[in-house]
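Top line first, the protein sequences correspond to chains U and D. Counting from 1, one number per residue, gives the positions in the first sequence under the numbering used here. Counting from 1, one number per residue, gives the positions in the second sequence under the numbering used here.
Here are a few chain U residues that face chain D, going by a calculated C-beta distance under 7 Å:
no., residue
1, Ile118
2, Tyr122
3, Leu124
4, Ala125
5, Ser128
6, Val129
7, Val135
8, Trp139
I should point out that these hints are in silico values taken from the structure, not numbers from a laboratory. A virtual CB, placed ideally from N, CA and C, is assigned to each residue, including glycine.
Spelled out from the first residue to the last, the chains are:
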Amino acid sequence: MDIVTLIIICVKALVVFAAIMLTVMAMTLAERRISAFMQNRLGPNRVGPKGLLQPLADGIKFLMKEDVIPSGVDKPIFLLAPVMLIVPALMTFAIIPFGSELHLFGRAIQLQVADINIGVLYILALTSVGVYGIVLAGWSSNSKYPLLGGLRSSAQLISYELAMGLAIVSIILLAGSLRLNDIIIQQQGHFLSWNVFKQPLAFLIFVVAVYAETNRLPFDLTEAEQELVGGYHTEYSSIKFAMFYMAEYANMITASALTVTLFLGGWDIPLMNEAALGNLGVLLSVVSFVIKTALFLFIFIWVRWTFPRFRYDQLMRLGWKVMLPLALVNIFLTAGYLTLTV
Amino acid sequence: MTGSFFFYFFAAVTLTSALLVVLNRNAVYSAVLLVFCFFSLAVIFLLLEAYFLAILEILIYAGAIMVLFLFVIMLLSLGREKAQEHFRYLQRGLSLFLVIVFFLSVLIIFLSDSGILHQPHGTFTAGGVNALGEALFTKYLLPFEVASLLLLVALIGTVYLAKRKV
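The whole structure should be built from the sequences, with the hints applied where relevant.
Quick look at the structure:
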């Protein structure tokens with residue numbers, strides 16, 4: 001591996017990291033402003049023009065607050081838990097392609113940090129590891145509400161992971177590959193070749209499962225304020241609390257980007273040949289990816305301020321008795337269709 | 001060069017964390033250390049270019065099985081493990097016996113030099129997912145189905161045990 005390739009990889013990793021962090025900042029503001037407009041309020045609009053500097057003020061505040069570590073906690077694991085939550089959240093984005101191939105100084109640069117041929121499995125592996133942060137935070141706090149939150153979340157994440165994985169299986173059946181780039185190429189062309197239209201049921205199951213996996217309303221039982229104070233992060237303060245917050249938004253960003261990649265053609269623009277436009281086409285593909293992802297991020301916020309929370313038994317019943325059988329039926333139908341036609 | 005450096009580093013991490021899993025008296029710490037052990041083991045698989053195995057190691061062992069272990073440990077709320085006097089000698093004797101058997105078998109493989117250890121580089125990559133899937137559904141179909149039956153039996157048993165209490 002020559003030195004230039006190494007530099008390119010490092011630059012790509014840094015750009016993706018910076019982009020996620022900036023989007024997290026933007027999301028904290030967007031969530032509060034949009035929720036305010038939905039409730040006929042104004043929201044934070046004092047810091048900077050239109051309140052745009054509010055995330056910066058929040059960040060400084062988080063850093064300057066006293067970092068309280070309660071005396072009853074299990075200290076090593078208490079300190080480890082936020083890290084174990086945020087690292088998988090940031091790592092997952094590494095394999096999502098955010099644009100077509102860039103040609104610069106005679107080099108073809110794939111706009112993706114790592115192109116691995118079992119990309120989908122990598123995503124499933126990392127989402128399943130994300131549970132540890134929440135479970136360990138709940139346990140190490142040595143307090144009943146965080147423990148309940150941690151237990152709820154591990155049961156919830158494991159239940160919905162199954163439905164999510166099975167929804168992805170039907171996409172893999174169509175693409176015939178576990179590589180995300182192959183899945184995007186399979187969706188190129190017309191609008192109707194997007195997987196949303198080919199696999200509407202898988203799309204529905206996947207999106208619902210994603211909301212459960214990211215602990216967002218209507219499935220945010222792990223931090224239901226009315227029942228659990230704050231859930232698994234009740235005992236955390238200062239920058240460690242901020243890390244839980246950042247991990248939640250980073251997970252939402254990755255989940256939206258993944259939904260776009262698997263179901264909305266990724267960076268692809270329908271009815272357009274990006275390769276013919278050269279580097280302008282690359283730029284347009286990145287823009288198309290960003291717009292689609294932003295749309296899903298907006299829907300995340302929209303859903304949060306529209307739907308009430310599920311009860312825990314309803315959540316489990318939905319996961320095991322509705323989503324799982326539906327996903328299995330969908331795989332059966334897709335596989336049957338493919339064997340009959342291909 | 002870098003490959004061998006990574007190998008020795010992660011081999012050391014694997015062995016240290018594996019040792020700490022056994023030596024630790026706190027069950028939750030042991031579980032977390034075992035997760036670290038699985039991760040560094042996955043990196044060693046990656047260095048062997050066995051990407052599929054590496055991901056499966058994380059997906060199944062670290063992602064699913066250990067989460068359930070942790071779940072159970074937390075529900076039982078075990079503190080420091082109390083030494084159980086009754087089984088102590090039996091436990092130690094049995095583990096010593098198993099370690100000796102394992103060590104001897106590894107030693108025999110090393111000394112016999114039958115070529116098992118000399119796999120060419122990238123043996124595990126060939127075909128990857130497709131080859132594995134095909135092998136599971138053709139050559140190893142019967143063991144595969146028997147394993148699924150075993151899981152079904154375990155599932156029914158769990159449901160029965162849980163239902164009786166309600």
